[in-house]
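Under my numbering, the first residue of the sequence shown carries the number 1, and numbering increases by one thereafter.
Just to be clear, a hint being listed does not mean it is correct.
As the list claims (entries may be wrong) - Label pairs and their computed distance ranges (CB to CB):
1) R280 / A36: 36 to 46 Å
2) P208 / R119: 55 to 65 Å
3) R81 / E279: 34 to 44 Å
4) D111 / A64: 17 to 27 Å
5) T12 / A245: 14 to 24 Å
6) R122 / L277: 49 to 59 Å
Keep in mind the hints are simulated off the structure, nothing from the lab. A virtual CB, placed ideally from N, CA and C, is assigned to each residue, including glycine.
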Amino acid sequence: MTGREQWDAPGTARRVLVLGGSGFLGRHLTAAFHRAGWQVTAVSRSGEAGPPAGGPEPAVRMLALDVPGADPGTLTDVLTRTAPHVVVNAAGAVWAASEEEMARGNVLLVDRLLTVLPRLPRPPRLLQLGTVHEYGPPLGDGPVTEAAALRPVSGYGRTKARASEAVLGAARDGALEATVLRVSNAVGAGLPSASLLGGVAAALAAAPGDGAPAVLRLGPLTARRDFVDATDVAEAVVAAATAPAAVPLVNIGRGTSVAAGDLVRRLLAVSGRPAELVERQQPAAGPAAPGGTAYAQRLDITLARRALGWRPSRELDHSLRCLWLAAGDPPYASGRGARK
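The task is simple: from the sequences and hints, build the whole structure.
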């Protein structure tokens with residue numbers, strides 16, 4: 001019996017296990033699955049729920065587990081007890097982490113899953129959240145399709161690419177049903193301060209309310225990137241969970257590119273806070289930040305429309321408003337919102 005046959009049975013509730021459920025996208029995912037009527041279990045290292053991703057907090061069961069550090073028996077026990085039809089991997093190490101931390105959080109975690117999931121009596125469908133940074137700089141001016149060669153230029157992109165390729169290999173071998181969703185730059189409530197827009201929102205929220213402009217010193221903002229609303233991303237993942245057959249690889253974005261500087265200025269306008277923007281001509285030393293390299297990139301989302309029946313529906317100004325409203329909320333402002 002396949003996972004889909006299990007939840008098609010009359011009276012059967014659909015169950016999803018979200019790894020990284022207290023992180024930025026994880027919280028949007030748990031909310032979206034809850035709205036769609038799923039029973040949601042979220043896993044994080046702390047076992048604590050992050051602040052809700054806008055609106056009332058959904059009823060979500062929280063579990064504490066460090067998946068990369070868990071032995072196969074412990075992970076098998078968690079999966080057996082929760083009996084998910086779908087596992088979503090939204091966990092991992094992001095931009096502020098070291099390369100070693102990224103390898104552990106992005107690659108080792110997936111290795112653990114691919115060891116355990118196929119051995120279960122009824123393996124769930126695995127949805128792996130990949131990233132546009134796996135592609136690296138595009139070779140031409142057109143949209144990036146799923147067939148594009150991978151040319152990641154950062155530790156984040158390299159480790160996420162390794163994880164995605166492992167999942168795709170397992171799916172090709174018939175070990176389990178799986179989909180890799182390569183997600184563009186998501187924007188919304190709880191966006192971590194390590195990101196460009198999250199950092200700007202945090203700086204504006206922390207500025208003294210004395211009327212003096214906040215001075216924002218940023219790197220070059222000429223890069224054009226594909227930005228997409230975080231709730232739209234979460235709804236794409238729900239669509240992938242319910243698709244009749246697992247699509248091996250699918251791009252999730254808006255399919256258009258926007259200059260990073262344009263979004264920063266739109267965020268300043270949304271905030272209503274006085275600010276002075278100082279743009280450096282050269283990026284600061286250290287690891288490259290998202291959008292820090294000046295090339296244009298947008299994803300081809302034709303397959304997402306055709307195979308998942310999904311398309312983005314929210315404007316980026318809405319995403320920026322959600323980001324700004326959450327930036328002043330104490331759980332987000334304390335940094336809790338960035339934890340996975």
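Hint-by-hint comparison with the structure:
At roughly 43 Å, the beta-carbon separation of R280 and A36 lies within the given 36 to 46 Å, and the hint holds. As the Cβ distance of P208 to R119 is approximately 56 Å, the hint placing it in 55 to 65 Å holds. Judged by the Cβ atoms, the range 34 to 44 Å given for R81 and E279 is violated: they are separated by roughly 51 Å. Distance hint check for D111 and A64: the Cβ-Cβ separation is about 21 Å, which falls inside the suggested range of 17 to 27 Å.
Hint check: T12 to A245, Cβ distance near 19 Å, so the stated range 14 to 24 Å holds. The supplied range of 49 to 59 Å is met by R122 and L277, whose beta-carbon atoms lie about 54 Å from each other.
The structure does not agree with numbered hint 3 stated previously, though it agrees with all others.
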